[in-house]
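Chemist: Chain by chain, the residues:
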Amino acid sequence: GQQLNQSPQSMFIQEGEDVSMNCTSSSIFNTWLWYKQDPGEGPVLLIALYKAGELTSNGRLTAQFGITRKDSFLNISASIPSDVGIYFCAGQPSVGGGSEKLVFGKGMKLTVNP
Amino acid sequence: GAGVSQTPSNKVTEKGKYVELRCDPISGHTALYWYRQSLGQGPEFLIYFQGTGAADDSGLPNDRFFAVRPEGSVSTLKIQRTERGDSAVYLCASSKSWAGVAFFGQGTRLTVV
Numbered sequence: 001g002q003q004l005n006q007s008p009q010s011m012f013i014q015e016g017e018d019v020s021m022n023c024t025s026s027s028i029f030n031t032w033l034w035y036k037q038d039p040g041e042g043p044v045l046l047i048a049l050y051k052a053g054e055l056t057s058n059g060r061l062t063a064q065f066g067i068t069r070k071d072s073f074l075n076i077s078a079s080i081p082s083d084v085g086i087y088f089c090a091g092q093p094s095v096g097g098g099s100e101k102l103v104f105g106k107g108m109k110l111t112v113n114p
Numbered sequence: 001g002a003g004v005s006q007t008p009s010n011k012v013t014e015k016g017k018y019v020e021l022r023c024d025p026i027s028g029h030t031a032l033y034w035y036r037q038s039l040g041q042g043p044e045f046l047i048y049f050q051g052t053g054a055a056d057d058s059g060l061p062n063d064r065f066f067a068v069r070p071e072g073s074v075s076t077l078k079i080q081r082t083e084r085g086d087s088a089v090y091l092c093a094s095s096k097s098w099a100g101v102a103f104f105g106q107g108t109r110l111t112v113v
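Protein chains in written order, with our numbering: chain F, 1 to 114; chain E, 1 to 113.
One should not assume that every hint holds.
What the hints assert, rightly or not - Within a straight-line C-alpha distance of at most 27 Å, the following computed DSSO-like cross-link-like pairs (lysine-lysine) qualify:
| # | chain 1 | residue 1 | chain 2 | residue 2 |
| --- | --- | --- | --- | --- |
| 1 | E | LYS96 | F | LYS51 |
| 2 | F | LYS106 | F | LYS70 |
| 3 | F | LYS109 | F | LYS70 |
| 4 | F | LYS51 | F | LYS70 |
| 5 | E | LYS78 | E | LYS17 |
| 6 | E | LYS15 | E | LYS96 |
| 7 | E | LYS78 | F | LYS70 |
| 8 | E | LYS11 | F | LYS109 |
| 9 | E | LYS11 | F | LYS70 |
| 10 | E | LYS96 | E | LYS78 |
| 11 | F | LYS106 | F | LYS51 |
| 12 | E | LYS78 | E | LYS11 |
| 13 | F | LYS70 | E | LYS17 |
| 14 | F | LYS70 | E | LYS15 |
FYI, nobody ran anything at the bench for these hints, they're computed from the structure.
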C-alpha cells in the first residue's frame with residue numbers, strides 16, 4: 001500500500017539535544033498528523049495540522065504543515081529519555097473517495113542516551 | 001470507554017484456521033478504522049466504517065478478510081484460512097467523525113504458525 005517517505009529512519013542522540021524529522025509525499029494531503037508509538041502499544045497522537053503553512057507547538061514539540069501540502073516536519077527540543085520510541089507521520093488525503101483513511105510513513109526510531 | 005479497547009492482545013493460531021479480532025471504540029465515536037502493521041513498518045489501512053456500514057474497504061488484501069460493525073459500535077475483523085503472511089499487529093482506531101482525529105487501541109498481535 002501507499003506510504004509516505006519519512007526520514008531519517010533512526011536517530012541516536014544525547015539527552016538535551018534537539019531532533020528533527022520530516023515526511024514527504026508525491027500527493028497532496030488535507031491533514032498531517034504526527035504519532036508516537038511505544039513497544040506493544042498503539043500510536044498516540046502528538047500533533048495534528050490542518051492548514052497549509054500551519055506551525056503548531058505542543059510543549060517541546062513543534063510541527064509544520066508544508067506550504068505545498070506535500071510535506072511536514074516535526075521537531076523535538078531538549079530531548080529527554082522518555083522521548084524514546086518510534087515516531088510516525090500520517091497524512092489524510094484531500095477530500096474525495098476514501099479520503100478518511102490515514103497514510104503512514106515507515107517511522108523514525110529515536111534513541112536518547114542519558 | 002476511556003479509550004479504544006482491542007481483544008485479544010495476542011493471538012497465536014495455526015495456518016488455515018479462522019480468527020476473529022474485536023475492537024471496542026471510544027463511546028460516541030461514529031468512525032472506526034482497522035489497520036495492519038507489519039514489523040518495522042507503519043500501519044496500513046484495511047477498512048473504514050461510518051456507523052454500521054463499511055464506507056471504504058479498499059485496503060482489505062483479499063476475500064479472506066472481512067469486518068463487521070452490526071450495531072455501529074463494536075467491530076470484529078475476521079480472517080479465514082489464515083496464512084503465515086497474515087502475522088502482524090492489527091490496530092483499531094476510532095474518531096468522532098470521518099474528519100476527526102483517530103485514536104488507536106493497543107493492537108492485537110496475530111501470529112500464524
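Chemist: Which earlier hints can't be squared with this structure?
Modeler: 6, 7, 9, 13, 14
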